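There are 2 protein chains.
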Amino acid sequence: MKERGLDAYLITNNDAHNSGYATGYWKAREWFSGFTGSNGTVIVTHTEVGLWTDGRYFIQAEHELAGSGITLFKMDTPGTPKYNEYLASKLPQGGKLGFDGRTMSMKDYNELNESLSVKEITCTYTEDLVSLIWDDRPSLPAAPAFEHAPRFAGLSAAKKLAAVRGEMVKHDATAYLVVALDDIAWLTNIRGDDIPFAPVVNAYVLITIDTAHIFIDRSKIAAYAANLEAQGFTFHDYNVITDFLRNFSACGKLLYNPEKTNMLLVESLPNDLATKSDLPVDIIMKLKAVKSEVELSNTRNAYYKESIVLTRIIKWLNETADISALTEADVAKEITRLRLQQPDFLQDAFPTIAAYGQNAAQAHYSPGPVGANLKPDGFFLIDTGGNYLDGTTDTTRTIAVGPLRADMKRNFTLVLKGYLAVERTIFPMGTKGIQLDTLARTALWEYGQDFRHGTGHGIGYCLCVHEGPQGLSPKSHVELEPGMLLSVEPAYYQAGAYGIRTENIVEVYEHSETEYGKFYGFRPLMYCPIDTSAIDTNLLNKTEIDQFNNYHAKTLSLLSPRLTEEERIWLSEATRPIGI
Amino acid sequence: MKERGLDAYLITNNDAHNSGYATGYWKAREWFSGFTGSNGTVIVTHTEVGLWTDGRYFIQAEHELAGSGITLFKMDTPGTPKYNEYLASKLPQGGKLGFDGRTMSMKDYNELNESLSVKEITCTYTEDLVSLIWDDRPSLPAAPAFEHAPRFAGLSAAKKLAAVRGEMVKHDATAYLVVALDDIAWLTNIRGDDIPFAPVVNAYVLITIDTAHIFIDRSKIAAYAANLEAQGFTFHDYNVITDFLRNFSACGKLLYNPEKTNMLLVESLPNDLATKSDLPVDIIMKLKAVKSEVELSNTRNAYYKESIVLTRIIKWLNETADISALTEADVAKEITRLRLQQPDFLQDAFPTIAAYGQNAAQAHYSPGPVGANLKPDGFFLIDTGGNYLDGTTDTTRTIAVGPLRADMKRNFTLVLKGYLAVERTIFPMGTKGIQLDTLARTALWEYGQDFRHGTGHGIGYCLCVHEGPQGLSPKSHVELEPGMLLSVEPAYYQAGAYGIRTENIVEVYEHSETEYGKFYGFRPLMYCPIDTSAIDTNLLNKTEIDQFNNYHAKTLSLLSPRLTEEERIWLSEATRPIGI
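Here the protein sequences line up with chains A and B, keeping their order. Heads up: the first sequence at position 218 corresponds to 218 in the working numbering, and the numbers run straight through without jumps. Heads up: the second sequence at position 140 corresponds to 140 in the working numbering, and the numbers run straight through without jumps.
Just chain A, same shape as in the assembly (with noise of 0.2 angstroms):
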């Protein structure tokens, strides 16, 4: 940094198509500050580092960075500045901040320089200075991709290009370049290993009205590549990007997703081609957020073999004579092992959290290689999810492995109202996710609780678990429409003592039309047992405990055709009606 005389340095783990799980070498933060939850940017001065990070990783944050001298700024707290108004209140007038441009997406860019502006600090962003002092820094990612079948993809490539053109025309748009990983995934149904726990592959797609450009290593899909050319694209390696786009020629108006897009490629466009970022939702992410008939039977079959999975868990649970020699790991792992059982299976969707006691008032704890002991007392929290070859599940369930107090049983039906209020709302047409998120904290605001995440967010079809533009958090404002996924996953933190969330992943379906347009509901994919143990059945009213046993019974009839005799009758009494 004196040599070049930067002011100071910015470090994050984004890879270059900003995808949140990253790979070996782009855990550049990671390496260099020891921090590993999945939000977090370091800035080195010359006399302070900072780690910047939500409120999901405050204690595990604490615990990572104890001793390394990296202060821990607590993002969104009173009095904590952001790290772009640190930088412009740290670095001198006319500094300049260095970071690697390509793990820096174009939205984060533009804030940056708007802070820096003010004290004209300028940015260096063409030599990522981690790699100069990190030997042993892991290669590219270069692992083999596949055709997704086409009685999983459904709609062809080819199909969903002329949907893309389709909207890139009522955009007046003239090129579009897509650099989300899952959306390159979708439009052209190739799956791949480049990233942890989502079946993508790196690549870049440049669309035009006649023609496709996808940057990537044919060696990886020699078998599809020629299909693939056959539906319009045309090959180019993957590190050509820069240099075509340098060299693009088209006139008009290209459209990219500045949340997504790294600042080096947008620089590198050239001057005479307007660019627009300011869609108000990206083109492919809006198409493939609405799930095809296609997708969504073969979703619901998913949730079918993981509805079978997490129940037989359940089960093992209840029935292991001495938990205590259960490790948080070895849950993790019987569920992989479980899944595995199950038809075209690829892996995990995200670390499973198992979380026993106060590891659940974490909202992201991982349990890691090994993970806490398990012990015959209160609760112990599994949130899990699989990428299957025919639809990507996300489910929690808190268990009651030993006795609760009275206030722990409060809790859990306090969650669990949130649940059900979400899930049987009926809602018109234009409804957005803000609206619907306050019904699943109002029983808890009652009691002075709340939690501090999303109600939910959508979720990918054998893509990431993740997925936008639709959410229910007070910062959605995306319309929900017939065929996108949510979950629905309101919980309760104690930290120190425990956590609990129950978690379904639901699909927006259409439930009627009168005089007010059409009318929306929530249809729940997961069917899995919900433990009766925990509810204190005086705080739900009727509407409640009916739509309770509604699900219960639904989960015994849909389950008991694939379970054994033994399975069946562990069920029927798991589901047995509350509140009669």
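Hints listed in this document are in silico derivations from the structure and should not be mistaken for laboratory results. Accuracy of the hints is not assured; some may be wrong.
If chains are identical, the list can't say which one is meant, so a pair holds when it fits in one copy or spans any two.
Calculated lysine to aspartate or glutamate pairs in the EDC-like style (CA-CA distance at most 16 angstroms, straight line) [what the hints assert, rightly or not]:
{"hint": "1", "residue 1": "Lys107", "residue 2": "Glu573"}
{"hint": "2", "residue 1": "Lys90", "residue 2": "Glu567"}
{"hint": "3", "residue 1": "Lys518", "residue 2": "Glu446"}
{"hint": "4", "residue 1": "Lys375", "residue 2": "Asp330"}
{"hint": "5", "residue 1": "Lys518", "residue 2": "Asp450"}
{"hint": "6", "residue 1": "Lys315", "residue 2": "Glu566"}
Given the structure is predicted, the values throughout are model-derived calculations rather than measurements.
Starting from the structure of chain A, add chain B where the hints point.
Frame of chain A; chain B shown alone:
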């Protein structure tokens, strides 16, 4: 228009302060078109005259425009252009649009200009063509005004001025132009009678860090003027504001509210003064929304008086042997008569909506001088409010004046469920109106019903019945704070048949504080019986029944001391617990 080379002329009912309720002089659009609704814009071209209004007025506008040759454009209806879009499509390249610049807010002007810029259409706004053809146009209002006495106002004008300057400093502002009449009334503690239904006086205020200029007919407030001068205000004539602004020599940044400030004023400001219109929330609008302790305690008293008035009206209707002898206007008049018996009553806060049967399906129906006759059948809706020196009230009750069908009771109960859900919710600091609006609707949504207006609005203190910035609607993004007042008024409308609305004003209060921060709740200000004969108790759960019975028990205990023995007996019956 032809003489002046105008391709179109735009006519609104706005006054120079965008007050909402126009006086005679300002009713240009009403005089021109015959349409009397509160929201409407007329566009005259050489071949067509169009009127744009919103969903509240579609039925009324069709009726009032019948035979006029004026085309009704239903705002926010699929396929209907906004009037800006209409102008941009109908006018020629480089065309000319005229309007009276006093009657267009800066915000509307900015939006208009953006639409028209595509075809380089220019605006001419210094000549008012309506005056040239409206021979008997009324003169501008000149009603006397008075000081809002300290025991009602609470804070002095000097203290309010200091609070405003504190906010100006926070926003780096050297000047602040105040145009909204209720903002000026709040700041100066002046009340007047220059527009209908709101006790305000025509004036402008310009505040700097060390001066405060008020532009007003000083003779209107002779007795109070010296007092205001002693508190730091300098007086100017109302009409010199434009000249004063042209010669205003302060440097720095001037704040103004673009929704309230007419574009002629903004265009008069000197070029070297930076203007800032994008305040998240107008300073005085925000300050006056959070009522002081004096204002809150007075307001509770005003609602106490109003509760007596409305309870007497309901008893009177209940005991009237031949309800067919009454017209809607008779009821409205009787309400005003009973208010006049209460101390410190000034005027009705808006024209009482006394709406029998299908008239109530029009959300903003007004019976006019006579109205329809009541019949001993179905529902009768009363939405009414008064301006007292100690507060402004607004309440709606829907009363069964004859037999109800089961579906009518069901819909009444769904609306009641919506009211109760909002009233009982406890919510964390930072919650916005959009997040709570949903609670008023879920019961209706379940039956495919809804209402096409917000759940609630803010309300003034001896000022306007609609006051921002807070609200309860899908468009309300303002965080609710203790001391804010809100209406809660879910509704059901069946065109051509009947309408149901139940409304109380509630205050936001601090309920508790936990590890999740402060939690707030709503406390009703109005205590007046809700018709138990219209309720289907099978649709209410125990929480709702207890909440409803508690509200009625409190109504009885609160009002009894001020009622006659006979009234007490009636009220005791009207508030008898349900569902037992």
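Hint by hint, here is what the structure shows:
1. In this assembly of identical chains, the alpha carbons of Lys107 and Glu573 never lie at most 16 angstroms apart, being 52 angstroms within a copy and 64 angstroms across copies at closest.
2. For a Cα distance limit of 16 angstroms, the shortest separation of Lys90 from Glu567 qualifies neither inside one copy, at 63 angstroms, nor across copies, at 72 angstroms.
3. Proximity of Lys518 and Glu446 under a CA criterion of 16 angstroms is satisfied inter-copy only: 12 angstroms between copies versus 32 angstroms inside one chain copy.
4. When the C-alpha separation of Lys375 and Asp330 is checked against a cutoff of 16 angstroms, the pair qualifies only within one copy, where the shortest distance is 14 angstroms, while the shortest distance between copies is 74 angstroms.
5. Taking CA atoms no more than 16 angstroms apart as the test, Lys518 paired with Asp450 passes between copies only; the shortest distance there is 11 angstroms, against 32 angstroms inside one copy.
6. Only within a single protomer do Lys315 and Glu566 lie at most 16 angstroms apart by alpha-carbon distance; the minimum there is 10 angstroms, versus 67 angstroms between protomers.
The structure fails to meet hints 1, 2 from the earlier list, while all remaining hints are met.
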